[in-house]
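Chemist: Taking the hints into account, I'd like the entire structure generated from these sequences.
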Amino acid sequence: MPSAASTNARLVSDFDPGTSTVAFTGVVVVGAGQLLTASILPGMCGRFAVTTDPALLAEKIKALDETTATSEGQGGPNFNVAPTTTISSVVKRHDHPSPSLRSPHDHPSPSLRSPQGQPDDESRRRIRSMRWGLIPPWSKTGEDGGPDLKKGPLLINARAETVTTSPAFRGSAKTKRCLIPMDGWYEWKPGIVEGAKKPAKTPYYMYAADGEPLFMAGLWSTWRPKDADRDSSPLLSCTIITTESAAQLADIHDRMPLTISAADWDRWLDPDADIDEGLLRGHGDLDRIE
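Numbering of the sequence shown is given in our numbering, commencing with residue 208 and proceeding in unit increments.
Where hints are given, some of them may not hold.
Derived CB-CB ranges, DEER-like [as the list claims (entries may be wrong)]:
id: 1; residue 1: P284; residue 2: E451; range: 46 to 56 Å
id: 2; residue 1: E350; residue 2: P397; range: 33 to 43 Å
id: 3; residue 1: D328; residue 2: K405; range: 55 to 65 Å
id: 4; residue 1: G485; residue 2: A457; range: 19 to 29 Å
id: 5; residue 1: L356; residue 2: A457; range: 24 to 34 Å
id: 6; residue 1: R331; residue 2: K381; range: 17 to 27 Å
If you are wondering where the hints come from, they were derived from the structure by calculation, not from laboratory data.
Computed from a predicted model, the values in this text were never measured in an experiment.
Heads up, the beta-carbon is just placed ideally off N, CA and C, and yes, glycines get one too.
Modeler: The structure is reproduced here in structure tokens:
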């Protein structure tokens, strides 16, 4: 969990051989060639970095890559993933789901379902492209035919303590749970600088000490315009679940993404099982984070 407080700049990470990313301290932060004003950055978790190509990620975690047809160019490294960006998300779905579990990218086939309407195949991990910022299915259609997002907050985060009761998230919490892979995430800690009119913000970058991606608990949803055909392709969107910070991270911010350990991935993603409230109360891979 490096800090830039002691120097003018800090090395964020050497994600690609021969390259590096530098973030400067103070109210202006530079990362991967992008200039960010810390004072306008959203709260936790509002920025993160991801460098793994979806196809490589799918191979690594034994998942189907379903991102190719929907997101050309998504696979490049992004050291400043911002809200509304199209990101990769890991879900677990059936090839032939029951009607209650069906989603836009599932392929229903009534002849391959049991007489009780239950899926007769094992659910599989899949990588799908989604908009970061969950859009509930009941969101109104705007004048441009897309979701009307002028009112209400941008749902990039969901609190672990309320995902099962919040109207915006409880539907997704039942059967549409996902994982958001990332290399790490950023936080800006306010501090007092002598002579400064406004508190300075020191950037911190949290990542796994072993260099492997972190997988954050998330929820996803589907949205279609009003009067759209049910078989039409919808907009997929997701949110990252946050929980109370623990250990050394509590000194940086009071919230952190809810990490899910590899041993618990399938339990979290299982579309046929109720949400595991124990995972919502845990901290997953906290011991891997620096």
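Chemist: Evaluate each hint against the coordinates.
Modeler: Here's how the hints hold up against the structure:
1. P284 / E451: 46 to 56 Å: With a Cβ separation near 30 Å, P284 and E451 fall outside 46 to 56 Å, so the hint is violated.
2. E350 / P397: 33 to 43 Å: holds, 39 Å
3. D328 / K405: 55 to 65 Å: holds, 57 Å
4. G485 / A457: 19 to 29 Å: holds, 21 Å
5. L356 / A457: 24 to 34 Å: With Cβ atoms ~33 Å apart, the hint holds.
6. R331 / K381: 17 to 27 Å: This hint holds: roughly 19 Å between Cβ atoms.
Going down the numbered hints, you'll see the structure goes against just number 1.
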